[in-house]
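Line by line, the protein sequences give chains B, E, Y, H and C. Everything in the first sequence is counted per the working numbering, starting at 1 for the first residue and increasing by one. Everything in the second sequence is counted per the working numbering, starting at 305 for the first residue and increasing by one. Everything in the third sequence is counted per the working numbering, starting at 582 for the first residue and increasing by one. Everything in the fourth sequence is counted per the working numbering, starting at 940 for the first residue and increasing by one. Everything in the fifth sequence is counted per the working numbering, starting at 1443 for the first residue and increasing by one.
Because the hints were derived from the structure by calculation, they are not lab data. The beta-carbon is built from N, C-alpha and C at its ideal position, and this holds for glycine as well. Check before you lean on any hint, since a few could be wrong.
Said to hold, decoys possible - Using C-beta positions, here's what the derived DEER-type ranges look like:
| hint | chain 1 | residue 1 | chain 2 | residue 2 | range |
| --- | --- | --- | --- | --- | --- |
| 1 | E | Glu437 | Y | Thr849 | 14 to 24 Å |
| 2 | E | Gly331 | B | Asp127 | 39 to 49 Å |
| 3 | C | Pro1493 | Y | Ile764 | 28 to 38 Å |
| 4 | B | His165 | E | Gly330 | 26 to 36 Å |
| 5 | C | Leu1622 | Y | Val610 | 30 to 40 Å |
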Amino acid sequence: MSEHVTSESVSQPEREREPLSGGRPVLEAEGIVVEYGRRPALRAVDGVGLAVAAGEVVALVGESGCGKSSLARAIVGIEKRKAGVVRLNGDDVPTLGLRRRSAAMTGMQMVFQDPNSSLNPRRRVGDQIGDGVRAALARGDRGSDPADWLRRVGLDPAMVSRFPHEFSGGQKQRIAIARALAARPGMLVADEPISALDASTQTSVAALMRSLSVEAGAGMLFISHDLSVVRRIADRVLVMYQGRVVESGVTETVWQNPLHPYTRALLAAIPLPDGAGRLPVAPAETDRAAWLDDVPAALERTTV
Amino acid sequence: MSSSIDPAALTIEGLRIATRSHTIVGGIDLALKRGGIHGLAGESGSGKTMTALAVLGLLPGSMTASGSIRLADAEGPASTELVGASRGVLQGVRGRRVAMVFQDPSTSLHPQLPVGRQLTDHMRHHLGLGKAEARQKAEALLDRVRVPDARGALSKYPHQFSGGQRQRIAIAVALACDPTVLLADEPTTALDVTVQAGVLQLLRELADGGDLSILLVTHDLGVMSAVADEVTVMRQGLVVESAPREQLFTSPQDDYTRSLLAALPGSSFEQTGEEAR
Amino acid sequence: MTRTTAVRPPRSRGGRTAHPFLRYALRRVLTSLLLVVGVTLVTFVLTNLVPGDPVAAALGQRAAEDPAIVAQFRATYGLDQPLVVQYFTYLGNLLHGDLGVSTTTHNPVVDDLAKALPATLEIALGAIVLSVIIGVVLGTIAAYRRGKASDHVLRVVSLAGLSVPTFWLALVLYYVFYFQLHIAPGSGRLSSDFSTPPHVTGLYTVDALLAGQLDTFLDAASHLFLPVLVLTLYTVGLLTRFVRTAVLEILDQDYVRAARAKGLPTRTVIWSYVLRGASIPILTVVGLAFGSLLSGTVLVEAIFAWPGIGSYAYQAASHLDLPGIMGVGLLIGVMYLLVNLIVDLLYGVLDPRVRLAS
Amino acid sequence: AGCSSGRTDTADGGTKTLTIDKAFDLKTADPGRMYEPTGQLVDKALYETLLTFEGGDVSKVVDGLASLEQSADAKTFTLTLKGDHTFSDGTPMTADDVVFSLQRVIGLKGNPSFLLDGVTVTKKDDKTVVLTTATPTPALPAILANPALGILNSTVVKENGGTTDETDTAEKFLNTTSAGSGPYVLDTLDLASQVVLKANENYDGDAPGYGRVVIQNVEGATQKINVEGGSADLALDLSGTQASALGDSVAVTSDPSANVIFLLLNQNPSVSAVTSNPDFVKAVKEAIDYDDLVSIAGTGTAQAAGVVPSMLLGALPESAKLTQDLDAAKADLAKSGYAGESVTLNFPSDISLNGIDFPTIAQRIQSQLKEVGITVELAPAPVATELDAYRNGTETMGLWYWGPDYPDPSDYLVFTPGNVVGLRSGWAEGANPAISSLADAAAAGGSDEERQSRFEDLQKALNTDGPFIPLLQPGNNIAAAKSVTGVVYNAVWTIDIAALSAK
Amino acid sequence: MSEPRSPRADPRDGAPAGPRDGVQAGMLDPIEAAAPRWRRPRLRLGRWSAPLGILGAAVAVFWILIALLAPVIAPHDPLAQDLPILQAPGEGTLMGTDALGRDVFSRVLWGAQVTIPLALLLVVLSVLIGAVVGSVAGFFGRAVDEVAMRVTDLVMAFPTVILAMVIAAALGASLVNAVLAALIVSWPSYARLTRGLVLGLRSSNYVVSGQLLGFSAVRSLGRDIAPNIVGPVLVLASLDIGTAILLLSGLSFLGLGAKPPTAEWGSMVSDAIKNFDAWWIGVFPGLAILTVVIAFNFVGDALRDALDPKSATIKGGGTTL
Ligand SMILES: Nc1ncnc2c1ncn2[C@@H]1O[C@H](COP(=O)(O)OP(=O)(O)OP(=O)(O)O)[C@@H](O)[C@H]1O
Ligand SMILES: Nc1ncnc2c1ncn2[C@@H]1O[C@H](COP(=O)(O)OP(=O)(O)OP(=O)(O)O)[C@@H](O)[C@H]1O
Ligand SMILES: [Mg+2]
Ligand SMILES: [Mg+2]
Ligand code: NI
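Bound-form chain B, shown alone:
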């Protein structure tokens, strides 16, 4: 037994990490690797670590297919991790299997991109929010009234007895958020929660999510490729490229002074609705190779 090595000692973080917005970390993830298939495997997430503090909103941005969803799913435990550890309030997060999730683990909830598939079409929305309430109760947390949650996400509380198909996409997404929050999670993972929504409701839903989770003191990992929204609601931002985090830091810092060439290209490519007729800068094909390089200085930045 003397040779026994604890899993913790194996997965020592390579560098010290300071939660930037203060507070204890609700969620810690280290060295996450996600692979799909065999012979050879497709490495979708390649050693990503992050921490989210209570009341903090961390955004994850990056191009399509860079591994954002895979990372999110690995964190919550929907996807199997090839390597890496995830801890929620210090407890290891297991992969979702046939066994039911422990009460402690219901402290992490997820909101998905597609509001249409997030709700069971055959059950009343009140019931489904009630699932969240029950999860909170099972954990010994405060209960609540589903109707009240509807009100909080800006819907008519009387709608509890309706079925999902009676709602628009934006409304469904609000219900999904309500269900997640009703479980009183300490950590909320949101995978592109607004990208399927109407342009006009995207911003308001994003803002709603931020306010509700901050209000509840929960940490939130917010995945989006919409950089302008990210800029408005995230405390910190992680930029992913091809399965790895290439840049991270306080949102404004990254925005003002992007260090990684990919981050720069990304920011430069956003067309601004200012009416100036400025064409966004299109990166050349050849630039893409450079985006794979690490820029150590870009990785963990607390100040400008």
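Based on the hints, put chains E, Y, H and C with the ligands in the right spot on chain B.
Just chains E, Y, H and C with the ligands now, with coordinates in the frame of chain B:
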């Protein structure tokens, strides 16, 4: 009305599109200037796509169009009426004089046909080109939209290209018969921003190149602001505002336009609500 | 707002050694082979569950009472061995292409099947070819004219096709066309005043043409007519409904709208774009339909006295001819798997995404 | 122009094709192994036998290839080849061929081997063969007329694996080529679908009426259509109803066949307490409406007066047949103590005899017995499965038939206690000593008159006390196109194809 | 990233869309195509299929009533052999008499009592067995799934009629055994359908959400999955009733089902073979089969249309009967 050449390549007047029970588009006017990019913005479901389809006479079977859509002839003052046009007229217009690019490049190209075939079949049909000739022209087109290795690309299949490249190919397909009007229905919506930037540059170049007029349908006002010369905003099947770009973005006249802009981060109208930090 | 739904080509997860398509093909072949072994086991177990003594069935009344003859018979056909031994003997022989000797016909089962198979194939192929042509045309029309009168008529027709009991239809057609109107020829593959054409493929129509015997060809073709018609009706119903769905699905695709926006003639759009797009689901259902045709021939063959696999199966089953039953089960199982294998491999031909996965 | 024709039926009569529809039960064309009606039909045309029957009269044996001299004790039979006979390949026939053929049948232990049980075959000289038996065998001449005992070309058969014991492998050869001296030779044989014969060019008798004969496997209903429509010249398996519905374009020959359909009631009390009760058996005999069954079976059918069919020596006269008597039936039923128990009637579901379906007869009997209050439950099964129960004597009630193995009443002694069919009805040795002694007497032989009366006595006793109820001799209906002449039903080989010719 | 539409490598697996075996074949599962995604369960009465569906339902109900009322409305005992044999329709009998002098009309009416309930029973049992096996295979995956799917492969590779023939021969001919034989060959299509649906739903966001909220496997299956697969399964089932009737009567036709003297449509048709001139013996029971089957097919088709207007009738692995 007496000038030799109509300044508008495409003129839509009082266009109504309706199903048996609903009115989708409730009578809109729109003039597409020659050699410019005309942006068509508006919330989802406001009828942007249907307007574009009406130009080609490709509305779903359950819908009918009324009003007038006139396509100016390249030379001379004459124009072709497209609403209620015969099949023969429409077949001659489609792909030949008016071409269209669809939203999702991954679905608008046939996955089982090589790119070369999809680029050349309407050229051969409309322009009567031979196989070799058409391929040569196709190669030049792919070069023009900057698809690498144009010759090799002709025998490849769509899935062998990236999303951005596929959209360029779709644009090349649209440009093949040298149309005067290009209807681009949200051509960048499916793309990453870095890829989108490249496609937007391409559209700009095409419009600047001369005779091509582009109707750019998008709900992304950022995109609109970047490339459109003229902007029309639709809501619930009606035009609420139509103005040159600068004017629309800096001094919108309509409340709806204003509220749209206000919801946008980064625009000059951005609200700094207390919910945002 | 940009939605990142760009589709990228599937990345290769192919093996170090083989092209992914080859691996896929190989895997398919191997699973098919495993299934064949499964089929042999099932047939073997099932046929040996059958009560009643094959000896009694195979030997005449008198002979079955003579213990010496019975013992001799059992030894000849290996029936005196334990079942497990019998099974492995069977498998071993199978590898040498030996399916045993039929206890009813006293011929090697392989020979019997080789003779019966072309007869069944002739109607099954005839039916499938006809059904595919008619089904694809009608299905495409129904999809194209969706909601119009012709669509509704085709819906009723194809559902009716699916609902007709073939055994009854066969009888009725036989009654009307042969018995009453004397338009169709009688049962069997060939009128008795014709001799079988020189054996090349075993399909009489083809062989007759190869031999240049036009009148034999016509006679064989006229005998094919009713059985093929009966089998076709069901498959046409099936295919029409399915092709309609598949085509509707494709008509909804952007690439079809794009093709129309290019101003291509309707015929080109249908042939080059729509049907090509629908080809893979159609192919699958054709494969399935062919499989069900093969076993569906039993009833039709019974009525038209068609000396095919179906008649052979029925004869073998009613005489408890174990080698015969196992042979038929194996043959049809293998054919079914083969058809599916071919269908699977054709996907590769039809879909560059499969073929060119790199 | 330039096309060849696959049609064989050309204008000149020599190659005229005769098409016969027959529901096949063909297992082989090898005479040494063949014992099914279709095989008899085929082999009768391919092979000649030492003795034979004239036309349809099977009660009298006549000379075939040979003439017969029989000892008075019916134990020694001397057969002398008459004239010169040649096989289809031109080889002359000798006594060696006869000896080989008969010894092969015995040695093969095939289906027809029983025909020559206990017979020793010896060659006397090149023209003469002597058959001897240990016990009197008055039936032997009739047996020798069976096509299974056709004479083979021993040279050819031996060359192709033929022996006179179980090592024989000539069947395969004989299924492709015939080696006989009959009027036809085998062209092609497909056990499942059709047999094609062509005229034997070396036949020493009159050339047969057709150049080519196609016997095709066709079910009864289709046969009717075929013969009416003209695509078949002869239909052999028509039911009475089908035959009577035929139009004028076809000539129908209807005769009762030699098959006897009978009902058996198990006498073994451990199988059934009900059917083993003699009063119950009696009641059933009296309850059945025989005339109704005959009419259901249709044209040509006759009630079987006893187990021996009417055309054979020893058959019961019609006056002795069983008749319906409902009052007696009810009385006997009451006497038997039957209380409405359900009695199972087993029968082969897939047998159709001369166009009569067993299920039809069974259903009719069920319905008739219901009239007097007997509940019958039908239990059909494929013959392959049901045969087992029948042979093991475990059927409560069974509906079966017996076709003569050879046209002699001694073949019917099996319907007595302790014998094959008797045992199938649970009738053990000694169960009815009176009947057993009548059977012994009938077996002894004697003059035709003596045999006739002894078999009559036996059958009368069987009808009164036996567990068997003879029901029908189904009609054999042969429909022939008007152009075909010479159609005569024969109980052994159905028809002699060689006797047919075109008008 | 979203995959191209309906990519599926194995056409007979109801596996969820996604790359498998390193290749993507754009495939549409014909079985699953029969099964619409369960959309809003609203019947569109305006659609043309609805009138057909209503007609079908009416005919089906008509036959079910006949089945129930046969003892009352049939003019004769279906087993009584008291009429002249082979009498043509007309004079006293609506549909003539058969070779034993039974009234064909009465037998056709009584026949409804035999075939329809058994077909329904067969479908219900197939659905139950198939749904249980499919759900377990789909939800628990791995070895369970592998074994279950290989078994269905086997059964499906085996020719339906011949398998049924052998089973019926092995167990003896009776209607119960015919149902058993048919059951053995017909449950796999439901197992596959259910498995495919469960597999698809298992990874769906709402099921995962439920699990994140602490649902047990049983609860997930019962609350989130089961209600969402009943629709497609019901549609397949309703389309399958016709197939079941065809299969059962086909087996009886071959003499492997109903025993005489039962008035069963398939065996009545087979009686006609022996009495070809008496066309009425076979034509009427055949028409009965046809109308019942077509009625159920209309209903199933309309049902499927109402649930998913795009898909069309298809019965995978079905048998030509
Ligand atoms: N179940 C899966 N099996 C195989 N490969 C997968 C699977 N899911 C994702 N991938 C692959 O992993 C890579 C990362 O995918 P992921 O969904 O995490 O990207 P993403 O950043 O969320 O993209 P998007 O912005 O489009 O949602 C992609 O290349 C994708 O093709
Ligand atoms: N096939 C159809 N039949 C009937 N109505 C339709 C059909 N297709 C679209 N519609 C309706 O037409 C209206 C206009 O649709 P359209 O696609 O033109 O909107 P859009 O402005 O392009 O929206 P988006 O930004 O979402 O693409 C919508 O209300 C839609 O529901
Ligand atoms: Mg994602
Ligand atoms: Mg649109
Ligand atoms: Ni010629």
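Hints versus structure:
Checked against the hint of 14 to 24 Å, the pair Glu437(E) and Thr849(Y) passes, with Cβ atoms roughly 19 Å apart. Taking 39 to 49 Å as the suggested C-beta distance range, the pair Gly331(E) and Asp127(B) conforms, at roughly 45 Å. At about 37 Å, the CB distance of Pro1493(C) to Ile764(Y) agrees with the hint of 28 to 38 Å. As the Cβ distance of His165(B) to Gly330(E) is approximately 27 Å, the hint placing it in 26 to 36 Å holds.
In this structure the supplied range 30 to 40 Å holds for Leu1622(C) paired with Val610(Y), their Cβ-Cβ distance being about 34 Å.
Figure legend: structure checked against the earlier numbered hints; every hint is met.
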